[in-house]
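Enquirer: Residue numbers (this note's numbering), protein chains in the order written: chain A, 63 to 465; chain B, 63 to 465.
One or more of the hints may lead you astray.
[To be verified] Derived pair list, reagent style DSS-like, types lysine-lysine, alpha-carbon separation capped at 25 Å:
{"id": "1", "chain 1": "B", "residue 1": "K419", "chain 2": "A", "residue 2": "K262"}
{"id": "2", "chain 1": "B", "residue 1": "K153", "chain 2": "A", "residue 2": "K419"}
{"id": "3", "chain 1": "A", "residue 1": "K109", "chain 2": "A", "residue 2": "K135"}
{"id": "4", "chain 1": "B", "residue 1": "K419", "chain 2": "A", "residue 2": "K153"}
{"id": "5", "chain 1": "A", "residue 1": "K419", "chain 2": "A", "residue 2": "K222"}
{"id": "6", "chain 1": "B", "residue 1": "K153", "chain 2": "A", "residue 2": "K262"}
Since the hints were made in silico from the structure, they are not lab data.
Chain residues, written in single-letter form:
2 protein chains.
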Amino acid sequence: MIGELDSLMRKRGIAALLCYGDSTLGNPELAYLTRCELPRGGVYLKKRGDEPLLVVSALDVGSARKGIVKNVKTYNDYGYPELVKRHGRRKAFVELLARIIRESRVRGRVALYGRNEASSVISVFNDLRRKRIALVGEERPTILDIARRTKDDWEIDAIKRAGEKTLNVVRRLEEFLRNLEIREGVATYGGEVVRIGWVKRLIRVWCAEEGLSLPEDHIFAVGPSSADPHEKGVEHEPIREGEPIVFDIFPQDSTGYWFDFTRTYAVGKPSRELLTMFEDVLAAHNEAMDAIREGAPCMEPMQAACRLFKSRGRLTILDLYQGNREAETRGFIHSLGHGIGLTIGEEPYLTLNEKQKLEKNMIATVEPGLYYPEIGGVRLEDVVLISGTKPTILAQHRYELEP
Amino acid sequence: MIGELDSLMRKRGIAALLCYGDSTLGNPELAYLTRCELPRGGVYLKKRGDEPLLVVSALDVGSARKGIVKNVKTYNDYGYPELVKRHGRRKAFVELLARIIRESRVRGRVALYGRNEASSVISVFNDLRRKRIALVGEERPTILDIARRTKDDWEIDAIKRAGEKTLNVVRRLEEFLRNLEIREGVATYGGEVVRIGWVKRLIRVWCAEEGLSLPEDHIFAVGPSSADPHEKGVEHEPIREGEPIVFDIFPQDSTGYWFDFTRTYAVGKPSRELLTMFEDVLAAHNEAMDAIREGAPCMEPMQAACRLFKSRGRLTILDLYQGNREAETRGFIHSLGHGIGLTIGEEPYLTLNEKQKLEKNMIATVEPGLYYPEIGGVRLEDVVLISGTKPTILAQHRYELEP
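For reference, chain A alone in the conformation it holds in the complex (with noise of 0.2 Å):
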């Protein structure tokens, strides 16, 4: 939580946080410690025990002052035009955020923050660092990573939020999926076949009118191209009877928070196999479910899911471990879940090997699978907020086969 900055500096010892970035967009680190958008980026920096400072563009000055920094200056009030007629573009950003420093009377460790080319990256730590100001690289989990990855109050409701728009859009899928006729095995709508391009795009339709955005798309993927987690869906392909239908939908709302939602369905009578599948990934979903308690470390609830799918004689994750690389491409093959919040992919991870514990407000996707290359996948996916020694789902949906 954001509360916890200055106890990790101290446990550090690091005297100030430095974060800078070309756009808040993409900058997940930046968005974080500002809480506001900024089209053209920003120099942050926190001293220890000290209030924030943003330094922005003076035509930023109106998006800044949205944001929770109180203390907002721009480049102008650092001689910034001086500085790039003497040192070029390139250079002057360098002197800037020496200045920044300096001004601001830091002494000690800098840890350097925000997401960028490595080349401005490593041109920033090795020309600051020539300056004398002790920049530093923190080891992962950083300060940043650790208050991250458990959540404040505003950041479970944004989730949460994110989560209701999903819904409406899961229930728009659904209703017209339910509305589907079946003609010589495949999906008709209207007397015309429904091929997959057209679903995503009133897949995108619906969430627009949510205001919400698909920065990574979503994933409608049929048949045996679903056996593929990350396909997003064959434009042509049409919706054959009784074959699974795996929609995992991974938008990102306004507030710049994202949220992550899988359900599988098969149009008419599913297949036996298929069946049998979604069983057992339901079964695998409880499972874990039951794991997930404040403390547990995160490789529980993915042994727990693991053992599930093995007790059913299904290869997992393990099984490529120990070599059979046959479970590249059948079974359980990727791992249950990961953190979400400012990006779609944090801490923490719910996978094999990771002893890092669960933590009061820490959110994650709890999403077990199947996938067979001449079926396809089933998929089911929440996301959880870990408190006490039960999860709580955040977006609840009903886990059925049938639309």
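Place chain B on chain A using the hints.
Expert: Quick look at chain B alone, frame taken from chain A:
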């Protein structure tokens, strides 16, 4: 252009390019080098003179093969699971990078690329150097900056297509605006007062229908609010007769390529000042266009626009650079334009002091504007392709205040 990589590497004495990331989304360098979507990212390595290598999760092999790198391997091929067991998840990644570089028998300096958290970049940089791999961060413009700033044909096509889709949205908005009725000084539709939030939802739906996403939203700002060039639009504001409506749309197409387009409208009779502002901005746009040609320094079109504004008694950034801080909020308060491609802000920068020359196949915005806090803003923006003595506008559209 991507074909320049080898010769640029030779010129700079770089033996290999190393690029990594946790997703191609938000990682334009990785997206450029691989030309595919990798939801979990990957590691790209190119030795000078050799075909590149791409290493991804086993789950992403299908996605990776859709790209331009022929030689695709998996983390498992490099024994990643054992590395995780031996070193833990966080250290294992650096070990993996070291193994990939060593097995590729790279001799010489390796330039590091990719957009990643500073803590990750610094630890990769320090740890690989400790392992005696001669990793370097390049000064900007880097090899990739130079390659990316002149566009390949397929990139020009992708940007053009994004422009065509954008114009479809622009035309729908203009039709909507033409159908508004002024009542008691504010715009209404079907008898109801039109609020900005409603128009913005329509624009989002139209973009979704075109398959365009809006990762940074869009600007539909009216009246005095539009005096802040980055104001996205105030939800509850109505549209008042004769006041400026700044519509700036910067969508990303499914190819990953962006577009950027602005027009300014007024419904009902525009004020005298607004008309003059519009005329001056259009004149500046023309002057700037006349100054754009292969071989001219990037600053020239910006200087031409500033000269025009000055001749009409307007403040510009030149005044700010000469110490007049009124020019922070009044007049032509931003630069003329910027490159677009896999990002919405990249080289070339059409700013004062930018000596870089315009080159054939660069693509940039041309977007002069005028802003006054009590009136609002006027901005006209096109995307142009630099070629010969006359730039080509990639999405041609009329310039009129009346929608």
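Enquirer: For each hint, tell me whether it holds in the structure or not.
Expert: Hint by hint, here is what the structure shows:
The straight-line distance between the Cα atoms of B:K419 and A:K262 is roughly 43 Å, outside the 25 Å bound, and the hint therefore fails. A distance of roughly 19 Å separates the Cα atoms of B:K153 and A:K419; the hinted pair therefore holds under the 25 Å criterion. Taking the CA atoms of A:K109 and A:K135, the gap is about 16 Å. The hint holds against a cut of 25 Å. Restraint check for B:K419 and A:K153: satisfied, since their Cα atoms lie roughly 19 Å apart, inside the 25 Å limit.
Of the pairs offered as hints, the one joining A:K419 and A:K222 holds, with about 23 Å between alpha carbons and a cut-off of 25 Å not exceeded. Pair hint B:K153 plus A:K262 does not hold up; C-alpha atoms about 39 Å apart against a cutoff of 25 Å.
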